[in-house]
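**Q** Chain residues, written in single-letter form:
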Amino acid sequence: MSVTADFSPKPFHFCNICQKVIRKKEKGVSVQRPFSSGPSAFIPEDEVVEASQVDPQTEQLLAEAYSPSGCVDHLTQVMGLHPHYLESFLRSQFYLLRMDGPLPLHCRHYIAIMAAARHQCSFLVSLHVREFYRMGVCLDWLKGLQYAPQRLRNLNEINKILAHRPWLITKEHIQNLVKTGEHSWSLAELVHAVVLLAHFHALASFVFGSGINPQVDAQNANAFQPVYISNCYGCPSSTSPGATDSVSELEALMDRMKRLQEDREEDEASQEEMATRFEKEKKESLLVGSGDFEDEVMPTSRGSRFVEDATFGYQDFARHGEDNPPTFRAQDYSWEDHGFSLVNRLYSDIGLLLDDKFRTACDLTYYSLASHEDVDTTMLRRALFNYVHCMYGIRYDDYDYGEVNQLLERSLKVYIKTVTCYPERTTRRMYDSYWRQFHHSEKVHVNLLLMEARMQAELLYALRAITRYMT
Amino acid sequence: MEKMSRVTTALGSSSISGRTMFCHLDAPANAISVCRDATQVVVAGRNIFKIYALEEEQFVEKLNLRVGRKPSLNFSCADVMWHQMEENLLATAATNGAVVTWNLGKPSRNKQEQLFTEHKRTVNKVCFHPTEVYMLLSGSQDGYMKCFDLRKKESVSTFSGQSESVRDVQFSMKDYFTFAASFENGNVQLWDIRRPDRYERMFTAHTGPVFCCDWHPDDRGWLATGGRDKMVKVWDMTTNRAKEIFCVQTIASVARVKWRPERKWHLATCSMMVDHNIYVWDVRRPFIPFATFEEHKDVTTGIVWRHQHDPHFLLSGSKDSTLYQHMFKDASRPVDRANPEGLCFGLFGDLAFAAKESLISGDASRKPYPGGDRRYPIFFFKKPNPTEQFAHVSSALSVFESSVESRHMDWLVKTARLYLLSGKPFAELCDHNAKVAKELNRPQVSTTWTMLRIMFSDPANLSTPGPNHIGKLGTLPLMNSFSMKEMGTGLVAEGRLERSKGESRQDNLHLEPGNSLINSNNDENEETEGSEGQAEYMFGDAELDDDDLYSMEHENHAAEEQEYTLPQEAFPLRHEIMDNPSAPEHLQQDKADSPHASGNEAEVMCLTPIESFSLISISQPLFSPHLPAQFFCPVVREMLIHYAEQGDVQMAVSVLIVLGDRIRKEIDDLTQEHWYTSYIDLLQRLELWNVSNEVIKLSTCSAITCLNQTSTTLHVNCSNCKRPMSNRGWICDRCHQCASVCAVCHHVVKGLFVWCQGCSHGGHLEHVMNWLKSSSHCPAGCGHLCEYT
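Residue numbers (UniProt numbering), protein chains in the order written: chain A, 1 to 471; chain B, 1 to 789.
With the rest of the complex left out, here is chain B (with noise of 0.2 Å):
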């Protein structure tokens, strides 16, 4: 008894035949097990207790033991385990708390032979030993754990596990005292079955419930544990400390692992919740199944080996009420489908580009990639391990890195600084962003930003109808020659710039009377887009007009548009602090920033009537006085959409902003909440604080605002006791102190208060401005020289 001789019977993988099969069950499954001669299983669940046989093409019911009128609870069964030894004894664990043996020897119907109501609570598992016939043992919710004589009416000996729920038991397959019990805490305990006062060892596995565990059938020191926390770890127990050896990071919570027998590295796992597949592992490789089996429409509940040794054959029971065998051979391979080929962009641009080692050697020779400069290849190379039945790919890794001028996101991120999007009259706003995206050699967006001003800045009232635009047709040569001049090098650039000027000159051509002729055209026009010549012609006059204007405006504003650009950066800021303001403090607030706010209107106020007259009186012929703005906007829309899909989600999200009301409605609230997150994170990617925060601010989602008002809370501490102010920001509940009063007034800040990173003394804005204008030192008098910038 000591030396176990080892039961093999040898078994040659010849003798069991079959294919990838199942059969359906009546209801969900909890547990299956298999006989071991690898003939019959049992499948156990709430309402299901049956034993099918196995046959080369098909699974056949052998027996139903769910039996009675009213079947009883001890037949829901949360486990069952079929002995390795005896192949008549069957012993299932039930969700009430019985543990029931099964006689298949016994004439009569029911063979139900013994049962145990001991545990108090649900058992979760049941474990024959491997060689020992009449030795059960059991581990329940109760957090105990009992061994069976099944010659006896009780249980022989009991183990308390001290901590909560037990959720597997599993005897070792070598060691003849030897059994492990995981636990919900997360704690794995290891038994002498000789001593049930107290566990040999313990130690903490997993976060959260181990719901499973198993020995590993050859090496004696190895056990593989599943828990809620997605991992499966291997342990090697024979050090005096439990060292963890592999760990394999699964997708959800493991529900039963399963050693591959004859293959020292491989094990299966199937999850709990939500992942429906097997999985089987190479341990060495744990970040990529080896085999992946995907039949099951529900959660695997039960996996087996079908035969203990034999590596080829799996079955498999789940909630969705099947029962499957598995042919390791029909197994998909991920590895297969994985994708060797990485891809990376580094911090400064570069790029990491790893492929395999053939596909990388073509290319070098090729010299396939003109922009980047390629430095230098590295090779990994792994060792390989024949045992190891993965493919094996060398990959090779490449570095690019990319030279200082060919930042392609250079434009975007002078574009976001330089756009304005606020605080003046439309107009101005598009002529600004066109001067803005025609300096940084982006004619098309300027152009569009100009033909956005014409068409929105609501000329509608002026009835003088402008009928001869058609005339200018006759024109043609000067149009050409300008045009060439003054949008050289957009022309060549991009060619993505005839499209959008097809779409800009359908509008146009939309205000002729002649509809239906004149969409004709358009379609024409559409359709032949290389050929725009002649379209080009006959729009070009309003081109003209405008960039004629605009070339002369700009140059006249361009100082005094530089000033704009700096107050109004520095201050709007301000204006978002919003304090839940119950004072008059903040009124005052107001005031102190209203000189700013106002000397800045006064100077757009008066330079408004200019501009916009200008604007009019230039672009009143253009419209016919029946074609309000409304009527551009399914076309902006489409625009807009064009700019997005082409990635430019910059100009989408500035036209949107700028044309606020005009075009809002027209786009639905998803697609424009889409823009907007999208555009965000590439400006908080490229640390455009500033700029995404006003983008979010002038949005008019209110998904997009409520962003401003996350993480937005600051926790103060009063300065006299040191605990946290919760209530008010100013008073502070437990000493009844105002914590900042103005070194000024000595009155209480309650809005704003601005203080020296000096000497630390401060007040309202307001007076330590005043007080600064006129003194150097600091006015709480404690000699500091001050600064306010």
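Isolated chain A (complex conformation) (with noise of 0.2 Å):
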């Protein structure tokens, strides 16, 4: 293990935006909030806000964003410690709610609430149940599920299957959905609102991810309990009984990082042992928190009125003793060469779009890793976005499954597992024991792929599906 004899012992000599929150919190100003009234229950709020404020692009970026709420909401706020990102999030979530597309402008958001209201989150669903209300058309909708028009209703069965096992859509449910008929869909109308429910749902484990709160009225209809309250923001004060043990993590992680570069060309391992790496993280995905909640919790949110067979819930893809649906070949079916094609192909733009978003969120980087300049995350990110997929059955061919485990400790992979997996579930603590040395906005940015690797993964088994039933 690696000694942190480098270190001073100045508690904040993190980078620039932590520095300020550290010293205003030695002026006393330091107090345990639960971050109610901040924009996210995870992040104190004067690091949003500050952020915000630092950038000029952001704050340009965020009048632009123009919510329905009137101000910037709490999404966009949290979004924009990476502004760069946000640009292109928000030009892509502009174009599928209010540009020209295939689906009438309110169906649209009732899609969102579909989606959203799977995993419960009950932000999303207040904001377009907001938007459907300034469309002003089949209010009653909104009464619940029952009250929507066959069609979207008959939508509910790939929606619930892509929020909780995406691997399980076959071209049947899509040949069902457009076979001709008096509720069919066109495959444009289809593919925007695949593109709909895979965007929501994937929007949904950010919010929770990133702990986003209620809009208006705070805690009453929010998941989380605010008894997660540690005492750790994130940035070690000298108290931290975990400070050196963090630090010290850090170096291993920074330790591994370099040795896992160095050692590529003498690691020779055999092809059987990289398939078989692939599988032990597949099946070590299984163990990684889903134990402590076998108890189905019933949702009680205002949201439930949209979701019928509630039941329906996330299993693990690689099951013991189960026959296990065939791994998805990443180099079979490619966002880039196959996905791109079809989606742009059926709903026309919206395949830049996407292709855009995907790439800034996977290319995004600042060189540094706490307190470290100059830092190649390139490893890391790749190892957090192909740990998504491998819980999704999604292979790489070319990806060593090894680096998974050397670079993700057990906390953290609990935490992805729970955010990309059962988002509703993710609580402060488990947002809190990973990666404690680490800024929030580094942390926003695990979300952020996290996001986008479960919507591309989604994307690619519904696309995936519809290739099929077109050929």
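By construction, these hints were calculated from the structure, which means they are not laboratory data.
Idealized CB from N, CA, C, for every residue including glycine.
Heads up, a few of these hints could be off.
If you only want the chain B side, here are some residues facing chain A, beta carbon under 8 Å, derived [unchecked claim]:
#1 R46
#2 S76
#3 R121
#4 E184
#5 R228
#6 M273
#7 D298
#8 S702
#9 A703
#10 T705
#11 Q709
Derived Cβ-Cβ restraints for the label pairs, each shown as a range [said to hold, decoys possible]:
#12 A:E409 with B:T131: 51 to 61 Å
#13 A:R98 with B:L343: 36 to 46 Å
#14 A:A188 with B:F287: 20 to 30 Å
#15 B:G18 with A:Q150: 54 to 64 Å
#16 A:H183 with B:S678: 17 to 27 Å
#17 B:T20 with A:E409: 51 to 61 Å
#18 B:S776 with A:Q150: 51 to 61 Å
#19 B:S163 with A:R151: 37 to 47 Å
#20 A:R151 with B:T20: 41 to 51 Å
#21 B:T131 with A:R410: 53 to 63 Å
#22 A:Q150 with B:I251: 31 to 41 Å
#23 A:H183 with B:T292: 33 to 43 Å
Hey, can you piece these two chains together into the complex? The hints should help.
**A** Rendered as structure tokens:
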């Protein structure tokens, strides 16, 4: 284990943003708050606000955000920590919801509600219920799913599959929706709907993962329990008992990354070994975290009226002693080659926007890791992205899944698994327990990666099913 | 070595023979390659790696290179290439990043020779040097290209593209040292194999990934590239800047491109998604493929010309697990099926028509267009190019100008303008529309409206039976003379009229108590549509009564009706502005409008009793009491469908709106939606925005009404700080100032804000109106003379 000798004892040796936070705290502002007032329950308010004030580009972008609630909503505020990404996110979301497309506007919001309700994400549900009201048509749909037309109700089947077990989607599902009949969907409409569903499932992950506070009435509608208030903001204070541990944790991670980069050539794993590593990672992801929640919680939130078959939840891709669905080979159906072409063909221009968004999310880097500058984080980002895909059974032939094991610690894996697979169970403790010495903006970055990886995984499965239907 | 001797085997096409044939593979193919003497082909994919011999009649499996009980990922090939010099040498690119070479001369079962695992990501492409035996190039997802000397254990040089993943690498056929690489970000780079430090040249070829590139086999400077943007481009690389000389637009992203041997202008392409065909293009004719092979059932993943000097054989592998040999003579030629005729309407009803010259000249002598005026035939000639194998078609273009009178759409526009669809009692609407139709010389439509009024004007609660109408059969002569008089033009002009009358007759027939008898009678009538005379007389009485009545009534009311029309068009628009009223202002707004509206209604109200009373009293004997209006619905439905099929969707939609709930449930939503969209489209093309908006508003389909909700957002900037106001239209979130204040009452305007376009002062609609009644100056005191009209 490497030593922390080069570390100065200063408690605020981190980046600019953090330094400010810490100095402020030292002036006596440091209070343990549940952060119910700020945009996020996990991130101190001043950190988010400060970031947006520091960066003029951010502010301009936020102004453009033009959200319905009048002010820039919490989600945008938190995402504004990464203005570069926020821009492409908002652009694609605006296109999905507002610009010309195959689906009528109110249907788009209704689909968004349906998608968010699957994860009991009251933040998104109420946001889009408000939007739906503004449309002023078909208001009785809001009474619940059974009041919506059959056509939208038919979408529920792929909604729930995509939300929880996307690998189960088959061309028969597509066929059922598209086959001619009274309530049929055109392929273009279906693609639009699928992109909307994937977008809002993933966004729900982000909302829970970063603990976005509800917009108006705090606490009551939210799924977070304010019980999980740890005395750690992410920046370890000198009194924090885990300080030295976490510092060495960071060092160890850096060390491992460096070693992986150097040893790559020498570490000549056999092909079988590589395959086993993927399987192992897949299997291991079962054990991570899921055990604590054996009892299925029935949703009681306000979104539940938009949910049918609420008991359908996440099940692990690789279950012991069962016939597992075949692994999805990323090389055979990739976003760049296949997904893009299909999406763009049926719903023009969305492919470009999504492509831009995926690319921005994957390439986003500040060449820093916690307190370290000049770090190539490519490996870490790729490990996060591929780990999510691995849980969804998507395998990259050219990736050594041993890296995941080395780079992602267990608490982080628990967090990833929770955020991507059943985001509604995310807690502040999970958020705080991994990477304790990292900045909040970096954790948001992790969330962005998880969100995009999840969205891409869902899209790949759905689009592959559509392709199979078409051929 | 400097000057390369062209390795020509000069194989005449005579020595290769075969036919279009295919064989099933066990798994989808990713790539294929052919050995130099064109006798064998290797197929590679995720789960397949086999060599087939090309025989006269069939493919014969020669060798399975995928050996071992648990084949490793090294066998999972993204690409394969057979060396063009050394017939035992193969190279594959594996999805896990390995580059593998295979030596078929090895005695053991496993032919694997060398394994290079230097790439970190999937290797997309391998390429042997065309003349150098030991030189192999690879391009990978990790953004690097590596050059291997097969006599050494590792790569001799690495080229970093400094941009994204490499999708294709190709050695130049003519330039010993040059190779081209295409990238996922749309760039193409040219490298010198001796200088791994930086590229010689780079240019952006496509938007989005460039999936493939191919050097022209004969022409030194030509490079063809294909990309996800569905284009194939040919670049001239001899000049300083790469110049795009040809561009072919295909219908799907281009996965592979291969120049056709011995044909300078031809290249073959296949696509990555959706489209399964292989196209051969003549780059000079980019709009239609020269030849198409349509055999594959799933996307084609690999294409290769069987022999480098034979243009007649094309091999292809596909995701549908088949391997095909296509004979060029068996290809389908889209140009043969293409229709060399074109037809287009101009803005003012002119008609341009292009057709084969032969066709036109024949026509000219016969003078077959009595309606149009054939003015100037123009002939285009393209200089025939002997090297082009395309069929040459010369077409003649004729333009027909329509005379002003023969604008056939006039009636549609007028009808659309004059029809009333709402705002009055049902009967009046029908009458009005009947009259409009009549004035436009459309008696059939007019009659339909009248019929509708009679059918649906709720007479059911009156109990007096009217058994006397059979008796009226006796008054034949009178009826006859009447209908001739009233409908003379219609009977002559419109043949269709009779049909619809037949249908209406049918309704009336059902009134008879002896149903079965009449039905058979009715059937006869339907069959002998030509002989309408009899039936006409039978029910002419109904028409007589109505027409009598209405001709009278219309004269009486004509003037008044004109008056309604105008306010009706001017005012309902205001009600559509729904501003999410959360303030009482809106109520005031309503009040402000209400005088007009109520005034209108008052007039209508006082008219209604008279009208409906007279109506009922007349139509009463025609209906037996046990026949509710629903009784006619099937017939009306048929009628609407009939109109829609005849192309008069206007009638269908108008009737649908006017009848409203009476008929809506009879017709399924999709059909209704279809009619509405067609009519709205028509109206919008004719720039009848008001009418189209009214139709949208009145429609009952949710899919149509929400059309009004699209692009209705008005973005407002604060008048103080000039920032966009995001929340409410009247208060700025930033400077917390009220943006729009009424110049009269100095309160915030939250609903409609009317302002003078001269001085830009304004306020509440009601206030400004009142103010300007008493004063002609601007209420803000700016001295401008405002006007409210």
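**Q** State for each hint whether it applies.
**A** A quick look at each hint next to the structure:
no.: 1; hint: R46; result: holds (6 Å)
no.: 2; hint: S76; result: holds (6 Å)
no.: 3; hint: R121; result: holds (5 Å)
no.: 4; hint: E184; result: holds (7 Å)
no.: 5; hint: R228; result: holds (6 Å)
no.: 6; hint: M273; result: holds (4 Å)
no.: 7; hint: D298; result: holds (5 Å)
no.: 8; hint: S702; result: holds (6 Å)
no.: 9; hint: A703; result: holds (6 Å)
no.: 10; hint: T705; result: holds (6 Å)
no.: 11; hint: Q709; result: holds (6 Å)
no.: 12; hint: A:E409 with B:T131: 51 to 61 Å; result: holds (54 Å)
no.: 13; hint: A:R98 with B:L343: 36 to 46 Å; result: holds (38 Å)
no.: 14; hint: A:A188 with B:F287: 20 to 30 Å; result: holds (25 Å)
no.: 15; hint: B:G18 with A:Q150: 54 to 64 Å; result: holds (55 Å)
no.: 16; hint: A:H183 with B:S678: 17 to 27 Å; result: holds (22 Å)
no.: 17; hint: B:T20 with A:E409: 51 to 61 Å; result: holds (60 Å)
no.: 18; hint: B:S776 with A:Q150: 51 to 61 Å; result: holds (60 Å)
no.: 19; hint: B:S163 with A:R151: 37 to 47 Å; result: holds (45 Å)
no.: 20; hint: A:R151 with B:T20: 41 to 51 Å; result: holds (45 Å)
no.: 21; hint: B:T131 with A:R410: 53 to 63 Å; result: holds (56 Å)
no.: 22; hint: A:Q150 with B:I251: 31 to 41 Å; result: holds (34 Å)
no.: 23; hint: A:H183 with B:T292: 33 to 43 Å; result: holds (37 Å)
In terms of the numbered hints stated before, the structure departs from none.
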